[in-house]
Amino acid sequence: MNSFISFFDRILTPRLPKGMPAWYRARLTMAVGGLTLAFYFFPEIISHLLVPLDSVSRTEILIILGGGALTLGGFLAAKWGRLHPAVWLVLGGWTLDILLDIAFGEGMELGATMEVWLMFGLVMAFLLLDLRQYLVFAVLQTLSAWLVEWLRYRSGLDTSVSVELHLAATALLGLGVWLRQRDQRQREEAAAALQQQKDYLQKVIDGVQSPFYVVDVKDYRIRLANRAARDLGLVTDKVTCYALTHRRAEPCGGDEHPCPLQHVRVERQPYTTEHIHFRPDGSTYYAEVRGYPLFDENGEVVQMVEYSVDITERKRAEAEIRKLQQAVEHAASGVAITNPQGVFEYVNPTFERMTGYRREEVIGQTPRLLKSGKQSPEFYAQLWQTIRRGEVWQGEMINRRKDGSLYWEFQTIAPVSANGKISHYVAVKLDVTAQKEMEEQLRQAKETAESASAFKSQLLSRVSHELRTPLGGVLGYAELMQADAFGALNEQQRQAAENIVESARYLSRMVDDLLSEAEISARSIKLHNDWFVPAELLETASAALSVQAAKKGLTFRTELSPDLPERLVGDSRRLGQIIINLAGNAIKFTVNGEVCVCLARPAPDRWAIVVSDTGAGIPKEAQDYIFEPFRQVDNRITRQNRGSGLGLSITKQLVELMGGQIALASEVGKGSVFTVTLPILDAPGE
Amino acid sequence: MNKPLALIVEDDPQLNQIFSLSLQNDFTVESFSDGDSALARLAQVKPRLILLDLHLPGAAGSAILSRVRADETLRDVTVIICTADDRQADALSEKADFVLLKPVSPIQLRQLAARLK
Chain A
2 MNSFISFFDR ILTPRLPKGM PAWYRARLTM AVGGLTLAFY FFPEIISHLL
52 VPLDSVSRTE ILIILGGGAL TLGGFLAAKW GRLHPAVWLV LGGWTLDILL
102 DIAFGEGMEL GATMEVWLMF GLVMAFLLLD LRQYLVFAVL QTLSAWLVEW
152 LRYRSGLDTS VSVELHLAAT ALLGLGVWLR QRDQRQREEA AAALQQQKDY
202 LQKVIDGVQS PFYVVDVKDY RIRLANRAAR DLGLVTDKVT CYALTHRRAE
252 PCGGDEHPCP LQHVRVERQP YTTEHIHFRP DGSTYYAEVR GYPLFDENGE
302 VVQMVEYSVD ITERKRAEAE IRKLQQAVEH AASGVAITNP QGVFEYVNPT
352 FERMTGYRRE EVIGQTPRLL KSGKQSPEFY AQLWQTIRRG EVWQGEMINR
402 RKDGSLYWEF QTIAPVSANG KISHYVAVKL DVTAQKEMEE QLRQAKETAE
452 SASAFKSQLL SRVSHELRTP LGGVLGYAEL MQADAFGALN EQQRQAAENI
502 VESARYLSRM VDDLLSEAEI SARSIKLHND WFVPAELLET ASAALSVQAA
552 KKGLTFRTEL SPDLPERLVG DSRRLGQIII NLAGNAIKFT VNGEVCVCLA
602 RPAPDRWAIV VSDTGAGIPK EAQDYIFEPF RQVDNRITRQ NRGSGLGLSI
652 TKQLVELMGG QIALASEVGK GSVFTVTLPI LDAPGE
Chain B
155 MNKPLALIVE DDPQLNQIFS LSLQNDFTVE SFSDGDSALA RLAQVKPRLI
205 LLDLHLPGAA GSAILSRVRA DETLRDVTVI ICTADDRQAD ALSEKADFVL
255 LKPVSPIQLR QLAARLK
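Chains as they are written, first to last, in the working numbering: chain A, 2 to 687; chain B, 155 to 271.
This is chain B alone, in the form it adopts within the complex (with noise of 0.2 angstroms):
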């Protein structure tokens, strides 16, 4: 059975693998350290589920966030904002299905992921 995609946006390597290993379960997972990176990747793939961080090198979380948002063929895609920045969280909760405050639990981030698979 093919496990549905998940893009992980993350310019801190650390998070970046705890998120990986908490959603590798459930998820076939790309990983991306910078917004432009993943920009390009979305232009190919439709993935399930995008986990992003807001503050990274390149194209911003924001920036992503509304590309996905104004994309007819990606309105499927669940978007879970991680972030460090609770004032962005707050103005960007609204366009984000979640929106996690750092630190993140991996245990309820695979929770989380695992009802939307």
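Next comes chain A alone, as it looks inside the complex (with noise of 0.2 angstroms):
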């Protein structure tokens, strides 16, 4: 059954609906097949059913079998023999004729011979013709059966007639319905190959990947556009080449926007131009365009070509070369770019005129050209070993400009490499002859400058040394006088000594303060960082100190704050002097009250020595000053109070020197507080 169905939808499957299930195509075309047989021979089989079967005409039965038999052959033969279906009709009507004469001579009736016919050329018509068109040649032909048999008998003519004119009226019908479908056929399948290559042509189109489109030169309306294009919103027939890519409600033109589609058209010739484009989302991109003509028969260009390539990262790169050649251009470092032999292929303006060459005389010359003979040809080999392993060489060099005069030139010269090879070296060179000079003068100064330093510092030492011997002479032979080793003085004669005594104390004091001022202006002091024991420290300040003020009748005071490290880094013995310039100072100018000495943790990472009197206070704009060298508040040097006036300036001095700050607050009348703020060490050091 599966083959049979499958034979049927193997003949019959051209000319069914498409879509249609193999199987039921199959059955419908069988039980169009079997109405239309039961439609013809309806009267026959009622007949048949009626009588018995043997009472049949045999002759009926053949008929019936030969037809069947040439209908297959007639349509074995149109299907693979391509004979016209209209020659066949004929043959095989004849030949039907004459088998059946003479199988039956003129005994057959007449009747059975046109049924005959009629279902030849049915089952003909069946196999030949589509469905749609077999419905209409059937009900045509019976309609023709009809109106025949009709004229027929209302006519009164022969049988025979009627026979032929069915035959004619069959044939004609067939052949009519026939060529009808061949042209229908026939301008369906030249559709469908147009079809396919207008297909086959859209696929090609759209495999390239940048917009392709047609431009109709009439009216700038798209006539065929890739899927690119499409998706640049260049719907065919719609819009404008120019509308929706630059936005125009007009055709480019101009310089800026110069219309492909005129210089094609004028030119006849292919034109390429750079236009902004806008994107369906309206961001912007640059393209390339191309326009290509498109001739009709009369040689009139009716049509473009037109591709465009997204150049925007060309023009990126462009613009970022155009930049980095700006750059280089200008530059204030020379810049020199040579081959992997060294040979010069570009140098910048700067490079000229730090050479003294012209561009011209440098390209295709070696860096040789500047070669000063200063430089041995181990250094040359080394720089050329470094930058031949692909590593970046730096250093200082001497060369000859084009005058011959020397110069001293920064060199970095970096290898660029392309696919692995080195294709070229950078070099950026920065004159620095002006900054050596510098440097040589620099270091000729500080030599001076250091020398002139010690010769300083030995001057003081000496001239300290030599100022001090004679005064121990005069201090000591005083206090020896004093104290009666050269027998008792009278009371002149005391006050005498006394004065001797003070005045070389005087001097003494004076010339330890210059010899610190000097010794810290030539920054030739040192501070002997160690641990001490800030206990001790105040203690062994306080004891000459707790003397004076006890002289004058002031109460000296101590204090020492109990969150204060029992050990701190310093120069104890600077820091002595610290505390007794200040306090000193402090007993010096204090009448009456207290004058004390504190040392304090205003922070975790300070210290803080804090001397404070109840003195007669120092008037604001004397705050400012009084740190200065040989300053005073009151420049009325009274027997009471002189010294060298450079106490402060000192003890400013060397706080800083130790990393500190020195801070005044006082009131006239009320009395001045010193705090001198140093950091806390955590070890010894210079």
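Rather than coming from a laboratory, the hints here were simulated on the basis of the structure.
Any given hint could be a false lead.
To be verified - Below 16 angstroms or equal to it, Euclidean Cα-Cα: the simulated EDC-like pairs (lysine to aspartate or glutamate) are:
id, chain 1, residue 1, chain 2, residue 2
1, A, Lys527, B, Asp240
2, A, Lys527, B, Asp244
3, A, Lys403, A, Glu451
4, A, Lys219, A, Asp311
5, A, Lys422, A, Glu451
6, A, Lys239, A, Asp217
As the list claims (entries may be wrong) - Derived, one-sided and incomplete: chain B residues facing chain A with beta-carbon distance under 7 angstroms:
id, residue
7, Asn170
8, Ala224
9, Ala245
10, Leu254
11, Lys256
As the list claims (entries may be wrong) - Facing chain A, a subset of chain B residues (Cβ under 10 angstroms, in silico):
id, residue
12, Thr232
13, Phe252
14, Arg264
All C-beta atoms in this analysis are idealised placements derived from N, C-alpha and C, irrespective of residue type, glycine included.
Can you join these two chains into the complex? Each is in its own frame, and there are hints to help.
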């Protein structure tokens, strides 16, 4: 059964509507065939059902079988031999006629012959025509058969004439329907072939990733567009080339946006330009647009093939390159580019200024042009080794200008690699001649200053030695006189001795202060930082101070803050000097009340020496300058308070040398507070 | 009662005299004005106190100090340096017992020496 269905399916498939399941088509065909046969042979079938089978005319059965064989043969001939069905119809009809005549002579009933012919035509039509046309044919044939029978009946013609009429009508009908069908099929096939070609063309142009479209010269409308162009909104026949790509209401033009179409039409040659195009989302990009003319048979440009490429990236790269080029051209450093052999390919204007050579004098030469001979061959060998390894070389060298003068340059040479091979070397040169000279001058100046400083220190040391020794004599003899070492003194002599002692002491302090000040100024003072115990520092410094205070009837107090570490790092001798300077001043300028020296810890990382008094205080305007050398609040130097005028200056400089600050808070009539704040160091060091 | 021996090494004759006068109440004083003779004497005696200047003709004060400190038999000697050179004074303050910066007060010197007697 299946093979039977597939047989029908194979022959009939071309004639049935597409998309119909195969088994359904086969059954439909069989049903239509069965209904047709029933429609024609209904009277016979009824009569056969009513009479016994053996009474059925042997002739009729033969006719039916013969007609079927002929039909099949004709079909196969038409199918494979491409024999014209009309020819076959005639040939088949004649053959059938002859066969029938041979078999039955004139004995065959004419009505049966006619039915054979009708059936034959119907089966032929069924096999050759498609379903719809077959039905049309069948209806027409039936109607024509009825018409012929009716005409015969009305005119009383011979039955044989009606057979011929039937035959002719069937043949004409079949031929007409078949021809109609063939035309239609040819048209359809042509249309399908055209569509196939169009599809192929579309596929080809869609394969191009950049917008590709055809523009009509007449109205600038898009006639063909590939997918990329459609994505940009270039819908065929609806939009113009300029509307969407340029957001313009009129065709492009001018120097900025030259219209490729106009160029192509006028010049009849391909044209290339750059446009800014819009994407549907409003963003823009640079496009290189190429237009190619399409000519009609008269040689007129009717359309243009346009092809555009997004060159935004290229433009950006070009701009980047231009920028870099500008930067290199205007760089303050000399820039040179050489090939791997060291031959100059490019030098910038700074290079020209630096070396005195013009660009065209340098290109094609090697850096040997600038060689001064001041560097050893090993120097250059090492340089080349470095850059050939692909590493950056950096260093200074002396080169020779065109005019023969020498100059220092600081050079960075970097290899440029492409595909793992060095393609160029880029050298950036800085003329450091001035810098070199300055360095040399600075070095000399520093040496001079250092030797001057050393000389000054030596001188000071010498002078102080020379001053202190005779002072020792003056002070020593005077004190011995006071102590009656040379016999008892009278009151006048005692007073004189006292004056000598006092003057000698003053002079001695003066020498000390001058020496300290000079040492600090010459930066030759060195701090001897070491661990010390703050309590001991306070005690040592207070010893002499308390005596001085007691002499003036002042209270002298010391305080040691409990949160101060037990040990601190510092130069205890200099710290003692600071305390003695500040507290000594306080005692000197306080008439009554007290002087207090307090060691405190104002912050976790700092400690402080706070010296306060209840003295006269220091006026606001004086607070600014009392730390300057030789400045005192009251220039009236009295016997009671005379000093070198260097104490505070030395103190301030010492404090700063120790990395601390000194602050003063004072109010006239109430007293002064000097606060020295110093960092708490972790360990002794320079 | 025998007074302890004090050597005064000072090239300035006036200062030398002042030091001698300051110490003579409490010590038997021997004065030297150059380093070499002081060194020679040190080989013979064990003084209680040496008053030492640093800048001296002949052997320098620092050499004498080193010699004293190196000699085990002289370990009880107290060395007081009297100098006008505060840098050297700083440098030698560890090795010497006391360092006095000139000008030295004879009164204070006498008080200091008396404590050592």
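Sort out which numbered hints this structure fails and list those numbers smallest first. Failing hints, ascending: 3, 4, 5, 7, 8, 9, 10, 12, 13.
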